[in-house]
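Undergrad: Listed here are the chains, written in short residue letters.
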Amino acid sequence: MTDTPIERIRNFAIIAHIDHGKSTLADRLIQSTGGLSDREMTNQVLDNMELERERGITIKAQTVRLSYRAKDGLLYALNLMDTPGHVDFAYEVSRSLAACEGSLLVVDASQGVEAQTLANVYQAIEANHEIVPILNKIDLPAAEPERVRQQIEDVIGIDASDAVMISAKTGLNIEGVLEALVTRLPAPRGDASAPLKALLVDSWYDPYLGVVILVRVKDGRLRRGQKIRMMSNGAVHHVEQVGVFSPKMIAVEDLAPGEMGYITAAIKTVADCNVGDTITDDRQPATTALPGFKPSVPVVWCGLYPTDADDFEKLRESLGRLRLNDASFHYDPETSAALGFGFRCGFLGLLHLEIIQERLSREFDLNLIATAPSVVYRVHRTSGVVEELHNPADMPDGSLIDHIEEPWIRATIMVPDDYLGAILTLCNERRGQQADLTYVGNRAMAVYRLPLNEVVFDFYDRLKSVSRGYASFDYQMDGYAESDLVRISIMVNGDPVDALSFIAHRAAAEGRGRAICGRLKDLIPRQLFKIAVQAAIGGRVIARETISALSKDVTAKCYGGDISRKRKLLEKQKEGKKRMRQFGRVEIPQSAFLAALKMDA
Amino acid sequence: MEPLALYVHWPFCLAKCPYCDFNSHVRDEIPQARFAAALRRELAFEARRLGRRPLASIFFGGGTPSLMAPETVAALIEDARALFDPLPDLEITLEANPTSVEAGRLALLRDAGVNRLSLGVQSLDDAALRALGRGHSAAEARAALEHARALFPRLSFDLIYARPGQTPAAWRAELAAALALAADHLSLYQLTIEPDTAFASRHARGEIVLPDADAAAALYALTGEMAAASGLAAYEVSNYARPGAESRHNLAYWRYGDYAGIGPGAHGRITLAGDAAATAVLATRRIRTPEAWAAAVERAGHGAVADVALAPGERAREMLLMGLRLAEGIDLARFVARSGVAFEAAVDHETLCAAEAAGYVSREGGRLRALPEGLLRLDALLAALVV
Chain A
1 MTDTPIERIR NFAIIAHIDH GKSTLADRLI QSTGGLSDRE MTNQVLDNME LERERGITIK
61 AQTVRLSYRA KDGLLYALNL MDTPGHVDFA YEVSRSLAAC EGSLLVVDAS QGVEAQTLAN
121 VYQAIEANHE IVPILNKIDL PAAEPERVRQ QIEDVIGIDA SDAVMISAKT GLNIEGVLEA
181 LVTRLPAPRG DASAPLKALL VDSWYDPYLG VVILVRVKDG RLRRGQKIRM MSNGAVHHVE
241 QVGVFSPKMI AVEDLAPGEM GYITAAIKTV ADCNVGDTIT DDRQPATTAL PGFKPSVPVV
301 WCGLYPTDAD DFEKLRESLG RLRLNDASFH YDPETSAALG FGFRCGFLGL LHLEIIQERL
361 SREFDLNLIA TAPSVVYRVH RTSGVVEELH NPADMPDGSL IDHIEEPWIR ATIMVPDDYL
421 GAILTLCNER RGQQADLTYV GNRAMAVYRL PLNEVVFDFY DRLKSVSRGY ASFDYQMDGY
481 AESDLVRISI MVNGDPVDAL SFIAHRAAAE GRGRAICGRL KDLIPRQLFK IAVQAAIGGR
541 VIARETISAL SKDVTAKCYG GDISRKRKLL EKQKEGKKRM RQFGRVEIPQ SAFLAALKMD
601 A
Chain B
1001 MEPLALYVHW PFCLAKCPYC DFNSHVRDEI PQARFAAALR RELAFEARRL GRRPLASIFF
1061 GGGTPSLMAP ETVAALIEDA RALFDPLPDL EITLEANPTS VEAGRLALLR DAGVNRLSLG
1121 VQSLDDAALR ALGRGHSAAE ARAALEHARA LFPRLSFDLI YARPGQTPAA WRAELAAALA
1181 LAADHLSLYQ LTIEPDTAFA SRHARGEIVL PDADAAAALY ALTGEMAAAS GLAAYEVSNY
1241 ARPGAESRHN LAYWRYGDYA GIGPGAHGRI TLAGDAAATA VLATRRIRTP EAWAAAVERA
1301 GHGAVADVAL APGERAREML LMGLRLAEGI DLARFVARSG VAFEAAVDHE TLCAAEAAGY
1361 VSREGGRLRA LPEGLLRLDA LLAALVV
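Chains A and B, in that order, are what the protein sequence lines are.
Residue numbering for the first sequence follows my numbering, beginning at 1 and increasing consecutively.
Residue numbering for the second sequence follows my numbering, beginning at 1001 and increasing consecutively.
Treat the hints as calculated values from the structure; they're not laboratory data.
Treat the hints with caution; some may be incorrect.
[Unchecked claim] Below are the DSS-like pairs computed for lysine-lysine, each with C-alpha atoms no more than 25 Å apart in a straight line:
1. Lys169/A x Lys71/A
2. Lys566/A x Lys577/A
3. Lys557/A x Lys574/A
4. Lys1016/B x Lys169/A
5. Lys566/A x Lys1016/B
6. Lys530/A x Lys464/A
[To be verified] One-sided excerpt, in silico: chain B residues whose CB lies under 7 Å from chain A:
7. Arg1288
8. Thr1289
9. Ala1292
10. Leu1321
Just so you know, these numbers come straight off a predicted model, no measurement behind them.
For glycine and all other residues, C-beta sits at the position ideal for the given N, C-alpha and C.
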């Protein structure tokens, strides 16, 4: 199977905005090259995880090797690389792209270019990709291929005159896509006799095989039985299996330069397999690693606590199981006065955080409370010590702080110009600094520098709501800068609820404190006693709300026949209460907690 | 030995009211003789295990016990008088509907020995009566009240308020009229949507919207004020009486005294003969379906489903949830004796202190009492207070 000469290999990625048809196109390509029978085709073959399917998000990179007999009569191996599709996974995307020579840029012919498309296409250009524009959904009445073709040229600056017009849904002109891959993308290059250099694209945990590593061989050969070495950490493993995806796993003897495939090597956890690492031969190692390797660093942190304290061990196990398959998230035990025992968890971004939380509740059946997401601050103490802070509760006393730096991002927002005003207002409210503003047709592209802190507070939801869902958004990290930041504590009946404390810019602190108190007032149901909700900076209360007591809650009729039923009801309530989070004498229901933490200022 | 309160359940109604979740059944033909015999047999069964003891009250409830043959009522009263030692002021209550047909039988029921009547008036407004699915008019209710006042030394009637769309002004007028008609006792219930009733499905569909908690609280306060101004004190959450005219039978429930329940679906809390300390409280329960109950009685002499001895903690919880409904509260010495649980061990100390501080309860003179503000939130208070 791997005897395809290197000049007849094409490695490509598909770049598309969510819903623009990436997965549908991938399915069509697999189907039309006979990778799977019709019976085996399920929609969106590549997205394995339930969650991925539901949300249309790819979390792990995957490849499929397609055998295609082109019009020139020759058999080509087309390796489709499915990349993670979200900005949180920008580094993973860059490594997936580094494994390919070209990209299909899929754009919905009625919707046009979106911000997410833009960021990924720039990454592909940076990876020196040959880019083939594909206009999808041209069968739709609302399709405007000419306008979108022009937009691709104007916004992205690539030639779109040869864009391939298709409908992935109906299968229209899939042949044209396959021919374009053969004729327009360059073949990979590599030296089969040089020492092995293979790019570790991604890895995942398989309960039967152990860790499966997705690789792209650059130089040398990767063989079964070979002793390999990870260049970032020197770990040595014995290759047990080498293979390709058809998309089914098919074992082969070896992988030659230009090939994509997988290896297994009795590796227990993906934490030992760093995305972007170079795999080489242990006995005849390469001298230099492939460029671009970076260890993954979480940028957003939050505390995760079991609603039921008895679930702590289960949470620990579940996090361990998830980490088997996702080395990019971190967790360490921590305790909260309000929430008990839990874990401080680090994520690549907000989506990553949401995905992990959702998987914990869905796959492991855990009820969790998540604290407000926090970015990583750099606290410069007066003593000269600099420390990274990702839990507001750990913020040192003001007198010990010289200054604090916070991370910034560079955000690209594309929006129909009707909504531009609202978007600019939103960015300004969030301390944004405009870096660029350009128009393409009736769409505007705003580039802003924004503190990441302002974005983790519900920015994305607000963006969607002020633009009625039309704005698209993407960002990259853009360094640290000093800022006037304070910690706001939230108190319920005078007891601080540490899990609700958060860090904000001084100018926004009061507004946000008032907003969260107001929100809690609406979210916490009236209870037996009245409840005071306060926000404070240090000892100074900046906002206060009172939730009055229940006005009436008493059974009208209760006689001799009702007594057993009433007692059992009471006993059931007591049981329920034991499982509930109490703050002072206040029950804050899970839903209120989650909503308060999601709160927009 | 605890004096006894005897409850007799008559399970039949002419029609099922859409808000009612009581054990009531509609039958084309009511087998009067069969049920009379079964009730008498079950009474004899209870008397054997209860032993001879003072009898404080008899209560005929339902269903619609005014549909019972008066001779059955008379026979049961006679049996009870013979099997127990009736106290001189033995209270014998019967529930009746104020239809003209039933009103015609009231004299016979009085002659049978009933000395206290409880009329299910429910409303003095014709539209409201129709909405509640009642089979009588406001005029019939007034006539029945007139008639009953002349016949019975003691008389109570029920009203349902906080009905959908009922304004405070409308309730004020209706209650004023009711107070003018009242004798010595009133039961004033806020409409409650009970599960598995016709109202419950209509409520779920949004066809019935109850006043919100704030509005209900305001109506409740208004009710208490007006009743008090007429000399009727709120001695229980929904019950108002002139001093001394409280329902002795119902007080037995709330004070957690001994009560025996006979008839389909009847519940009891009894201590058996020979239990001098009267702490081994037995929870009794009868088969709900009338015919199945009657067949069981005919076969075995009783229609019991299960008699369960209650644990001390269960007794303590029951005493708290019943006793705090009373304005007089709970006698703590009796609480300890009857439940076998120390008061401090039965309640959450912190909640108790907070409830005292908030003016919800008071602990004075060896009693724990829910004050008006606490009574208004009693369910939430109990959920927090009871251990």
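Undergrad: Checked against the structure, which of the hints given earlier come out wrong?
TA: 4, 6, 7, 8, 9
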